[in-house]
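The chain contents come next:
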Amino acid sequence: MNPSPSPHLILGGARSGKSTYAEALVRTFSPPYRYVATAEILDEEMARRVAEHQSRRGDSWRTVECPLALSETLVQLDAEPAPVLVDCLTLWYSNLLLRSGENRARVSVTALCDALSSMRSPVLLVSNEVGCGIVPENALARSYRDLAGWANQQVAKACRAVTYVIAGIPIALKPR
Amino acid sequence: MNPSPSPHLILGGARSGKSTYAEALVRTFSPPYRYVATAEILDEEMARRVAEHQSRRGDSWRTVECPLALSETLVQLDAEPAPVLVDCLTLWYSNLLLRSGENRARVSVTALCDALSSMRSPVLLVSNEVGCGIVPENALARSYRDLAGWANQQVAKACRAVTYVIAGIPIALKPR
Amino acid sequence: MNPSPSPHLILGGARSGKSTYAEALVRTFSPPYRYVATAEILDEEMARRVAEHQSRRGDSWRTVECPLALSETLVQLDAEPAPVLVDCLTLWYSNLLLRSGENRARVSVTALCDALSSMRSPVLLVSNEVGCGIVPENALARSYRDLAGWANQQVAKACRAVTYVIAGIPIALKPR
Numbered sequence: 799m800n801p802s803p804s805p806h807l808i809l810g811g812a813r814s815g816k817s818t819y820a821e822a823l824v825r826t827f828s829p830p831y832r833y834v835a836t837a838e839i840l841d842e843e844m845a846r847r848v849a850e851h852q853s854r855r856g857d858s859w860r861t862v863e864c865p866l867a868l869s870e871t872l873v874q875l876d877a878e879p880a881p882v883l884v885d886c887l888t889l890w891y892s893n894l895l896l897r898s899g900e901n902r903a904r905v906s907v908t909a910l911c912d913a914l915s916s917m918r919s920p921v922l923l924v925s926n927e928v929g930c931g932i933v934p935e936n937a938l939a940r941s942y943r944d945l946a947g948w949a950n951q952q953v954a955k956a957c958r959a960v961t962y963v964i965a966g967i968p969i970a971l972k973p974r
Numbered sequence: 799m800n801p802s803p804s805p806h807l808i809l810g811g812a813r814s815g816k817s818t819y820a821e822a823l824v825r826t827f828s829p830p831y832r833y834v835a836t837a838e839i840l841d842e843e844m845a846r847r848v849a850e851h852q853s854r855r856g857d858s859w860r861t862v863e864c865p866l867a868l869s870e871t872l873v874q875l876d877a878e879p880a881p882v883l884v885d886c887l888t889l890w891y892s893n894l895l896l897r898s899g900e901n902r903a904r905v906s907v908t909a910l911c912d913a914l915s916s917m918r919s920p921v922l923l924v925s926n927e928v929g930c931g932i933v934p935e936n937a938l939a940r941s942y943r944d945l946a947g948w949a950n951q952q953v954a955k956a957c958r959a960v961t962y963v964i965a966g967i968p969i970a971l972k973p974r
Numbered sequence: 799m800n801p802s803p804s805p806h807l808i809l810g811g812a813r814s815g816k817s818t819y820a821e822a823l824v825r826t827f828s829p830p831y832r833y834v835a836t837a838e839i840l841d842e843e844m845a846r847r848v849a850e851h852q853s854r855r856g857d858s859w860r861t862v863e864c865p866l867a868l869s870e871t872l873v874q875l876d877a878e879p880a881p882v883l884v885d886c887l888t889l890w891y892s893n894l895l896l897r898s899g900e901n902r903a904r905v906s907v908t909a910l911c912d913a914l915s916s917m918r919s920p921v922l923l924v925s926n927e928v929g930c931g932i933v934p935e936n937a938l939a940r941s942y943r944d945l946a947g948w949a950n951q952q953v954a955k956a957c958r959a960v961t962y963v964i965a966g967i968p969i970a971l972k973p974r
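Chains as they are written, first to last, in the numbering used here: chain A, 799 to 974; chain Y, 799 to 974; chain C, 799 to 974.
Watch out, some of these pointers could steer you wrong.
Put simply, identical chains are the same to the list, so a pair is met inside one copy or across any two.
Unchecked claim - Derived SDA-like pairs (lysine to any residue); straight-line CA-CA distance at most 25 Å: (1) 955 x 857; (2) 972 x 860; (3) 955 x 905; (4) 955 x 851; (5) 972 x 867; (6) 972 x 847; (7) 955 x 856; (8) 972 x 899; (9) 972 x 937; (10) 972 x 916; (11) 955 x 915; (12) 955 x 912; (13) 972 x 843; (14) 972 x 817; (15) 955 x 853; (16) 955 x 841; (17) 955 x 969; (18) 955 x 855.
Rather than coming from a laboratory, the hints here were simulated on the basis of the structure.
With the hints as extra help, turn the sequences into a complete structure.
Pasting the structure below:
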């Protein structure tokens, strides 16, 4: 497999196999790899999910926890170029929204897109599609859904490749 | 860009870029353009969304508010043929369901499909995918989800073109 | 139309037309047909849905109710090979989760995948995409969403063909 184009956005539903696919794409490059985890481990359920994901990866990965300052972290990591997997953007959007509100969240997403354009390291980013259910009754969930949909569009535009994963099957959306 | 085939259904999740894409398709025709808004402006959140959409469009657009009588409105507009954008069907389905119940809503959707087949004006219609989340706990939301899924199928069948938008990227479903 | 490859997974949102499409695929084979219904008829709403689905099928179908023991039922039916439609897996996942918990549900899904590999009968399976909405607030719904996403991946891997249906339009995901 040739190295994946970069930056590359991997989108899909929950448990669609998008993280597994993204990790396979990272392995098309030479190690060491960086795993940028946006999850804040706040409860046992989350701890279990993070542990599951880590056990699937191996020794050639270094994990960097980054719930908020994503563009800054990517720029710092790029001082020593190496393939980076960001997993996942949807949790990052949620962290931004809860800490700083919608307007500042959008500024951070724009900063991420700018950072992506100047990275020497290959960057793969995982994100969820969250807008294909019923309109949520909860106003915060609606704001989040709007932010995530808008942000996924911006990141898709900033990426050279976008792949959608359904039931473990990758579908190339860009380039096609 | 050649004029878009018509009628044309543009489907996608919330904030997937479907309205922006549909507006670009309308602009493949000559102005003036008609914007058929199905939203009923009942609260501030909705007013803000409508204002955002209007500010993106320009002077060559005339807005027609149409929460319910969609097939009648399209037939009337067609007296002076000009490109029409209907945004969005999912709100229209919701208005129909709340005002007239599921059975009469289905009659109205069938009337829309009949009207589409006889229009001289190019017609582009935007609709949401709402059936790819968890089954809603609320019975009305389940009825709505069933209606919207059924109705999107009917409109897709009545259209010469159907496009699905993910993260701003259009995917042609029909013709392919 | 040539007979559909088998096993074949047909995925889609609620009311996306996936059952209708799957029935058309079954009819590419010679009758008689078996319809394996995973629904447990617990209330009037469910009874109405089941009746609607049955009225659409005709006399050449025999219905087998199977809320739980799916791999065993498929193996038994295969004693006299004939085309089988399983509708739908998502209800089956839900039945498994509620009766036996997540770990035993996963064992049953793995047993289904094993059974699929040895069937002489053509088998078509319908399942819902449920992971493209907002994260559910309810912990059981989150477990269900995780199970369904994981299980759809396993079944997709065990199938020779996977099709995704949007608004009644089938999109071949595998083979492509």
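Each hint, compared with the structure:
no. : hint      : result
1   : 955 x 857 : neither (33 Å within a copy, 27 Å between copies)
2   : 972 x 860 : neither (29 Å within a copy, 34 Å between copies)
3   : 955 x 905 : within (16 Å within a copy, 40 Å between copies)
4   : 955 x 851 : between (28 Å within a copy, 20 Å between copies)
5   : 972 x 867 : neither (27 Å within a copy, 39 Å between copies)
6   : 972 x 847 : neither (29 Å within a copy, 29 Å between copies)
7   : 955 x 856 : between (31 Å within a copy, 24 Å between copies)
8   : 972 x 899 : neither (31 Å within a copy, 39 Å between copies)
9   : 972 x 937 : neither (33 Å within a copy, 35 Å between copies)
10  : 972 x 916 : within (20 Å within a copy, 36 Å between copies)
11  : 955 x 915 : within (11 Å within a copy, 36 Å between copies)
12  : 955 x 912 : within (11 Å within a copy, 38 Å between copies)
13  : 972 x 843 : neither (34 Å within a copy, 33 Å between copies)
14  : 972 x 817 : both (18 Å within a copy, 20 Å between copies)
15  : 955 x 853 : between (32 Å within a copy, 22 Å between copies)
16  : 955 x 841 : neither (34 Å within a copy, 32 Å between copies)
17  : 955 x 969 : both (17 Å within a copy, 15 Å between copies)
18  : 955 x 855 : between (29 Å within a copy, 21 Å between copies)
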